[in-house]
Every structure is written in structure tokens, then in C-alpha cells.
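> Chain order of the listed sequences is A and B.
Per the working numbering, the first sequence runs over residues 1 to 101.
Per the working numbering, the second sequence runs over residues 102 to 232.
Don't read these hints as lab results, they were simulated from the structure.
Please note that a few of the clues may not be correct.
[Said to hold, decoys possible] A few chain B residues facing chain A, derived, Cβ under 10 Å: (1) His107; (2) His111; (3) Ser113; (4) Val146; (5) Asp150; (6) Thr151; (7) Ile154.
Just so you know, even glycine gets a beta-carbon here, dropped at the ideal spot from N, CA and C.
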Amino acid sequence: MATLHTVNQSPYGRTALARCLNYIQPGAGLLLMEDGVLAALTGGAWADRLGGVDGVEIFALGPDLAARGIAIGAVAPNIRIVDYAGFVKLAVEYDRVQSWL
Amino acid sequence: MLFLHHRAPHGSVVAQEGLDAVLAAAAFDQNVTVAYLDDGVFQLVHGQDTSSIGIKNFTPAIRALAHYGVGQLLVEQESLSARGLARQDLVDATIETDETAARGPQVPLIRLVTRAELSALMEAQDVVLSF
Numbered sequence: 001m002a003t004l005h006t007v008n009q010s011p012y013g014r015t016a017l018a019r020c021l022n023y024i025q026p027g028a029g030l031l032l033m034e035d036g037v038l039a040a041l042t043g044g045a046w047a048d049r050l051g052g053v054d055g056v057e058i059f060a061l062g063p064d065l066a067a068r069g070i071a072i073g074a075v076a077p078n079i080r081i082v083d084y085a086g087f088v089k090l091a092v093e094y095d096r097v098q099s100w101l
Numbered sequence: 102m103l104f105l106h107h108r109a110p111h112g113s114v115v116a117q118e119g120l121d122a123v124l125a126a127a128a129f130d131q132n133v134t135v136a137y138l139d140d141g142v143f144q145l146v147h148g149q150d151t152s153s154i155g156i157k158n159f160t161p162a163i164r165a166l167a168h169y170g171v172g173q174l175l176v177e178q179e180s181l182s183a184r185g186l187a188r189q190d191l192v193d194a195t196i197e198t199d200e201t202a203a204r205g206p207q208v209p210l211i212r213l214v215t216r217a218e219l220s221a222l223m224e225a226q227d228v229v230l231s232f
């Protein structure tokens, strides 16, 4: 019954990630994509906040990180990097995908 | 006139359109100041590789602004810090101004400013355009 939540907006400029975190349940997945990956940068306020989210597996889309100059080593340690194939796999593995706009 | 760049690159066309607007204004010999704040600071992060997302990376063209007489690009320190970024994460380019060309040493493309400094600069403008 687990949901994969996707967020494609910067949490610093938009509220999608904040709203998602208000609803997300333990066992869920959270995939950061497009400008959503800006939340993954170590040392940022949102990476700190994501570090405090328990029971949720957090992923970030690698091609979007690379496009924004965020090196693998700069991604917060609790966040797993996936490629497009990994994204598809997650979408299949979870029961549903919910995108936050 | 002051151009404010608020948005991250690649997620929307806003950032690229902002650069185009600056180039247009500079081409018409306007007195242009360019500042990056909020998510706009991500436009200046070095090492951006957009090859896997099927989008042309427009951000190297930001460095061309120096050739249009735009001078140093201002970057807000508070916006960097909040996002886990620091000066060394940004493009490390220099520009040659009329003054420095004679003296030799070049000045950095990027100059960090505080929110208070940027706020004061906003108040001193005839025109402020946000992207």
C-alpha cells in the first residue's frame, strides 16, 4: 500500500515538498526530480529537514543532479541517487505514484 | 536598471529568458546591474552537465555578459548559505574591465553581496526587472 511521491519543484521557491511532507506516511518513497533535486544538496536547509524524515526512502534523479552541477558527493547521505531506469523500477515497485505540483 | 534572477536553471525557461533580457538591454547600452538571489544562485554553479536531460545548457553564456559591459555579477550570500552552496561551488571566471586591462590584474566575474547591500541597491534603481 506504499506510495511513491514525486516532487519536481525547488523547495526554496515553491511549497510542493513542504506539502508532500505534511502527508507522507512511513513506508513511502520520495523521489526528487527536476528542480526538486535542489533539496538534496548537503548543507542546505532542506537537506537538513529531509534528514529528519523517518521511515521514508528518499531518492534523487541523477541526470537532474548532474544538470544542476550537484556532485554525487554533495548529495545528503540519506538520499539514494537513481537513473531513469531506476525511476521506472520505483514506479513499478510502489503501489502508486503521486506527484506534488 | 537592475536585473534580478530568482529561479534555478533548467526546470523552467525563466532563467534563460532572464539572461536573454539582460543581453538585450546591454546591447542597447543601458546601465545594467545583474544580481542572482534565491534559487537564481544555482545558475552560477559550476560543473552543470545537462547532456542526460536533453536540454542545452545555457548557463556558460552567462560568462559572456562581461563582454557586454555588464561588469561583475552580484550573488547574494544569504541565498547561497541557505542552499548549502559556497563561493567555491560557483564558476571561477574573471573579467577584464577597461581599468584592469591597463593595470593587468583581472577582477572576479562574481562578487558576493549581503542581503542588506542588495536591498539598498534595489532602492537605488530606476527600473528593476525580475526573472
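> With reference to the structure, classify each hint as holding or not holding.
Hints and how they fare:
The beta carbon of B/His107 comes within 7 Å of a beta carbon in chain A, closer than 10 Å, and the hint placing it at the interface holds. Because the smallest distance between the Cβ of B/His111 and any Cβ of chain A comes to about 5 Å, under 10 Å, the interface hint for this residue holds. Because the smallest distance between the Cβ of B/Ser113 and any Cβ of chain A comes to about 8 Å, under 10 Å, the interface hint for this residue holds. About 4 Å separates the beta-carbon of B/Val146 from the nearest beta-carbon of chain A, less than 10 Å, and the hint is met.
A distance limit of 10 Å between C-beta atoms decides the matter here; for B/Asp150 the minimum to chain A is near 5 Å, and the interface restraint holds. Below 10 Å, beta-carbon pairs count as interface contacts, and B/Thr151 has one with chain A at about 4 Å; its hint therefore holds. The criterion of a C-beta within 10 Å of any C-beta in chain A is met by B/Ile154, whose closest approach is roughly 5 Å, and the hint holds.
In summary, this structure violates none of the numbered hints.
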